[in-house]
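Novice: Spelled out, the chains give:
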Amino acid sequence: MLRRARVPLRVEVAVSFKRRIFTVVLFLAGIVSIAAPARATSLMRRGIESLTRDNEAIVQASVLDIHSYWNASHTFIFTDVHVRASKQMKGVPASELTFTIMGGTVDATTTLIIGGPDLAPGSEYVLFLAHTDLPGSPARLTVRDLCQGVFAVRHGRAISEAAGEPLLPDASGLADAPGGADGVTLETLAQQIHDAR
Amino acid sequence: MRVLAAIVVLLAAGDAAAFRMIQNTSTGRTSVGASVTCTATGGFVHWDRAQVEMRLNPANQGGKAGVPLALQHALASWTAVTPAAYTLSYGGTTSGGFSTDGVNTVLWSTGNGCTGGCVAITALVIGPGQVLQEADVSFNDAFSWNTNGSDYDVEAIAAHEFGHCMGIYHTDITKPRNRPTMYTAYFGVDGRSLESDDRDALNCAFSRYPVAAMVTDEAPSAPDDPEGVTLLSRVRDGHATLRYALHHPGDVRLDVFDVAGRRITTLVSGTRGAGEYEVAWGGETRTGRARHGVYFARLETPEGHDIATILLGP
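Chains A and B, in that order, are what the protein sequence lines are.
The letter at position 135 of the first sequence is residue 134 when you use numbering that gives the first Met the number 0, and the numbering goes up by one with no holes.
The letter at position 200 of the second sequence is residue 199 when you use numbering that gives the first Met the number 0, and the numbering goes up by one with no holes.
Source of the hints: derived by calculation from the structure; they are not laboratory data.
The hints are all genuine.
Derived coverage of chain A by chain B (criterion: at least 3 residues anywhere in the stretch with Cβ under 8 Å from a Cβ of chain B; other residues may be distant): (1) 128-137; (2) 143-153.
Here are some chain A residues pointing at chain B (derived, C-beta under 10 Å): (3) 42; (4) 73; (5) 74; (6) 108; (7) 110; (8) 113; (9) 115; (10) 117; (11) 122; (12) 167.
Since the model is a prediction, treat every value here as computed from it, not as a measurement.
The beta-carbon is built from N, C-alpha and C at its ideal position, and this holds for glycine as well.
Can you build the whole structure from these sequences, using the hints too?
Specialist: Right, here's the structure in full:
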């Protein structure tokens with residue numbers, strides 16, 4: 000009984016160990032070959048305090064749809080991002096709003112902004128928005144701080160899209176995006192924003 | 000053991016190719032691209048020609064005296080990469096902006112979506128097959144820009160952004176010394192000089208998307224600033240001819256610099272009358288003959304200054 004029991008047990012352990020190693024290999028292969036979003040250009044680090052101070056509206060919102068188009072003078076491709084806010088943290092009384100970001104694809108032409116916000120319909124983010132001049136289009140509501148103005152919401156945490164890549168140090172010498180790669184809980188981020196207002 | 004060997008191989012492969020390229024993935028989401036390896040399925044953005052000309056909009060801090068030369072140095076750093084045969088040249092000034100107008104423009108602005116903590120931003124216009132059609136760079140004019148080695152250094156940031164213009168994303172290298180120009184953050188004037196990882200990135204683009212070799216016999220282009228002074232360069236049979244015109248008599252100085260910014264010879268120094276001039280240069284310098292490669296001629300007159308690129312060949 001003991002022998003019989005032990006033999007299949009050893010086999011099971013061996014298979015399980017091999018599977019685990021195989022999983023590790025696949026994971027490492029994924030790290031090496033995955034196409035990670037290109038999320039930064041030459042950016043100086045922005046803390047929550049400065050992000051809150053310099054932006055008019057901060058919302059936790061889900062992207063409903065996006066629409067890309069040439070501007071009126073056909074000199075730049077913009078993308079309108081339509082979102083539904085689940086939580087207003089600063090400004091923005093409306094539950095739905097649309098803001099504009101640079102870049103997008105129209106027909107066979109793409110304008111790609113290195114360091115721009117990476118937003119996908121159906122996903123949820125905390126967005127820092129302000130009016131600023133875009134090419135050929137003044138005073139547009141946009142993500143003025145590019146990837147630093149977007150925090151992806153995952154499992155109750157907010158993770159800066161600038162995380163994982165060093166930024167130019169700010170006045171306090173910090174170079175990592177707020178929260179780092181692990182991000183912060185939504186409650187913590189909301190409190191930091193509230194304190195900074 | 001085989002499993003462990005596979006892990007080692009995978010890790011080694013990741014370390015050997017630290018540079019990353021930009022892939023256009025803008026389908027169903029906003030357009031920021033993706034960071035991919037040289038051999039990535041789906042490829043990456045690239046030029047389908049060897050010559051890439053950048054022009055300067057001299058508005059705002061783009062009008063500072065040393066900016067054109069700093070940009071030319073940054074362009075020359077990428078041109079010097081071999082076996083890649085790209086020629087990144089300076090095409091003079093333009094009134095163009097951060098817009099899709101067929102002109103690769105470098106400009107200084109407080110708009111263009113580059114405000115606040117944004118130091119500089121690059122926009123790539125991409126056509127079918129991920130072929131680059133245009134690349135524009137906007138520096139944030141709210142920062143203080145310099146060409147004397149103090150922050151923020153035009154040449155270092157330009158070299159970095161020009162790397163993006165060639166389809167190169169940020170390197171994965173994070174070491175504190177000998178950082179590649181495509182390191183993710185600004186680290187001072189050391190960013191002016193390319194490291195092997197930067198060169199590997201451009202050679203990756205060249206090997207995956209080969210283009211015709213550079214043209215060494217350039218035809219002069221039309222002056223883009225009829226009110227100022229224009230220096231034209233023509234190279235034939237290993238000899239350069241530099242042409243300029245003066246509307247009024249005045250002091251003229253014409254120097255030749257190498258890619259490191261060292262003056263290697265002075266071709267003209269003195270007063271000249273109004274008229275058109277041609278100056279020949281066969282590569283002679285104060286210390287002998289210049290090697291084949293990229294040089295810059297700088298013309299200074301009371302009517303303005305201009306810089307021409309010389310591709311000195313055999």
